[in-house]
Amino acid sequence: MDITELNKTEGVRDTATREADALETKEMMLNMGPSHPAMHGIIRLILKLDGEVVKDCEVHIGYLHRAFEKMCEEGGYLQVIPYTDRLNYVSPLINNVGYCMAVEKLFGIKTTERCDYIRVIMSELSRITDHLTCVGASAMEVGAFTVFLYMIKAREYLWELIEEVTGARLTISYTRVGGLKSDLPAGFAEKCRTRLKEVRKVNQEVHTLLTKNRIFIDRMKGIGTISQEDAVAYSVTGPFLRATGVDYDVRKDNPYLIYNRLDFDVPVGEYGDNFDRYLVRMEEMEQSIRIVEQCLDQMPKGPVAVDMEGRAIPAEFMVDEAKMGRTGGLLEVQAVVDPTLEGGTRANFNAVQTEEKRAILPPKEDTYGNIEGLMQHFKLVMYGHGIRPPKGDTYQAVEGANGELGFYIVSDGTDRPYRVRVRPPCFTILAAFPLTCIGWTVSDIIPTFGSVNMIGGELDR
Amino acid sequence: MLEHVISSTILSGIMIFNVINLAALHTWLERKQSAVMQDRIGANRAHIGPFRLLGLFHPLADAIKMFFKEDFVPPSGHRVLHTLAPFLSMVFALITFAAIPFGDVLRIGDMEIGLQPANLNIGVLYILAMLSMVVYGVVLAGYSSNNNYAFLGGLRASAQMISYEVTLGLTIMGLVMIYGTLNLQEMIRWQGRLLFGFLPAWGVFMQPLGFLLFLAAGIAETKRIPYDIPEAESEIIGYFTEYSGMKFGMYFFTDYVETILLACMSTALFFGGWQVPFLRSGGFHWGGTLVLGLPHLLVTLMQIGSFTAKVLAFCWFFMLIRWTLPRFRYDQLMKVGWKMMLPLSLANLLATAVILVMVGN
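Here the protein sequences line up with chains S and X, keeping their order.
So the first sequence is numbered by the working numbering: it starts at 4 and just counts up by one.
So the second sequence is numbered by the working numbering: it starts at 18 and just counts up by one.
These are calculated hints, taken from the structure and not from any lab test.
Please note that a few of the clues may not be correct.
[Unchecked claim] Under the rule of at most 25 Å between Cα atoms (straight-line distance), these lysine-lysine pairs were calculated in the DSS-like manner:
| id | chain 1 | residue 1 | chain 2 | residue 2 |
| --- | --- | --- | --- | --- |
| 1 | S | Lys215 | X | Lys82 |
| 2 | X | Lys49 | S | Lys204 |
| 3 | S | Lys29 | X | Lys352 |
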């Protein structure tokens, strides 16, 4: 069906459209992007304008195509992880988690509880950074520059936190198949709580600047609407879908990790317009903060008591040992290692890594210290060896910041994935994008496009 | 006669010098003010040797950069109009200042010099006329660039400026009715009176609604957020999409000159211009008696200082607005202009007329 025809099903029309229909006018073609301040440099909209009213819109994507899926087939399973950082580069941790969970599903690995909690914490922090970027940027694009910098400031608090944990700000590659690169640093919980308080404060400030601002409401309310049916038909997910009133959230509907233990709400909108999307995002940040706070409370303790081989000691065994006065060996022993390996030492290791030896690298003490560890390490990293999930295919979805982020992985039993297919949330939204901008004006495209939160990395892959 | 020409030339020189320098400084002020509001440090990198001076060299660096950039004319654009447009904008914005009085009369010996480049008896009309000429530069920029974005910007600018000039003119009319003159100097002198014996009879107290409308329409004239529809850099880049180098710099500059102009007009029309409350020639007065005698030169300097301070305060206020609010949409702007501000200003005018007739009777 033609785009314009599709749009006829839309109920809401701008008055300007009707007025323009009465006059004889010429259409103007406007090529918006890829070099346009609001188009991120990676997308092109071909607009047909009647005055300022958009008559037709064609979306051209592919300016950031980097053959992600093909490249995944070229390296081992572990080598895909750094690529996933570059999918949605505003919340790379969620991509890491999604991919690793998919491979774990192929293996049938169960990750440790602490690992699950840390993954949730990091995912939610990423979701907050993503929403901060999206709301801030779209506020900037309608002219409220100060809000943008406030939100970037808040994002900076969180990125510093993420940097402390992962060692990088953007290309973090934090998760591993079966675990994590390292445990949380000491004192993370307190720092995280204070940072989240700061973020809350910034969000409160933004609420006062925007939520009741008449100009902002005029620019957002009733603009760029999409109906519930259309959104579902285009399989739109995430805040874009929830703003229309559908409460689909992977975290609730297909709980993964430990989301089913957490108490959080899925905010939904009503009209599916820009303002609802803005409010949904603002509320989701609040809910994410709640999730992180709950996780910090519930999370099993950090470095656990380990015996001299570095294994976690079951509680009853520890009691027996203590009865005989043999507690000396149970003390927490941590090796001093290079800063880049921090958290990868034995004491932290068992808390966050699965025991599955086919997938996970041994702790550094073992790699450097004994032959079994060295062999295990080599078997996983050497050319021709590596991680080899059993034959089969699997689909694992996580709730990305923009919607359902799915990884479909086919394994042929070798050390390389046969196929890695990503279901990017932006892709479906952009397919439906013309629906949200035809009939409104050129100026409305900007906040509408901002509320899509298009990330070229995951859209074009 | 010769004296008059010389004094006018000197006064014009002073005015232009101050306005241009203030406009350059304004870019620095704007950077610093926005930085304060946004938890940043602001421009502080440009330096001459070890001296950074809080980033005060940035306007200079900007100017140098712009002069050395390529002067680009789009191949399919109209070369003559494209070059002419920024000059039109700039020139008309600058000559508007001729009618702005920045002080009362300065007496040197027998000579009396009115502190105003040109004492026009239709000063207000002159300013409005020149202001509406500025839009030609903008429209021509949009037209001559042969670029759809610039074209949209030019169209938006012409529609916006024309719409808001109506309100601007009508709000000033209220004042003209009260002051009974179109001469800005006379208007300011009128505002030296006292209401109820203690309140300065500034325009803002005579026409509070008129002041708000004037301010809103005025900011629309300067094309700054929330009315920066012709620029809207994230939407259509602006009418100067195809401008580079110093030609772009001139548009940039015109914006600041217009902001200063609006600050000057608001000061002169609504905030008593160079008036200092209770200060008249000879010194401070209270209840008709001289409380503190001051020499003439000091009084004049205080008056000039008062004018400058008010203008700077307005500039600062415009910055606050600019860095707080988002921008309107084109049709919303038109709606606000024609359906809200115009009726309100008409009502204001009517109310003023009625009150004037009643008070007069």
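For each hint, the structure was consulted:
Pair hint Lys215 (chain S) plus Lys82 (chain X) does not hold up; C-alpha atoms about 41 Å apart against a cutoff of 25 Å. A C-alpha spacing of about 24 Å is found between Lys49 (chain X) and Lys204 (chain S), which places the hinted pair at or below 25 Å, so the restraint holds. With a C-alpha separation of about 24 Å, the suggested pair Lys29 (chain S) and Lys352 (chain X) falls inside the 25 Å cut-off, and the hint holds.
In the structure shown, a violation is registered for the earlier hint numbered 1 alone.
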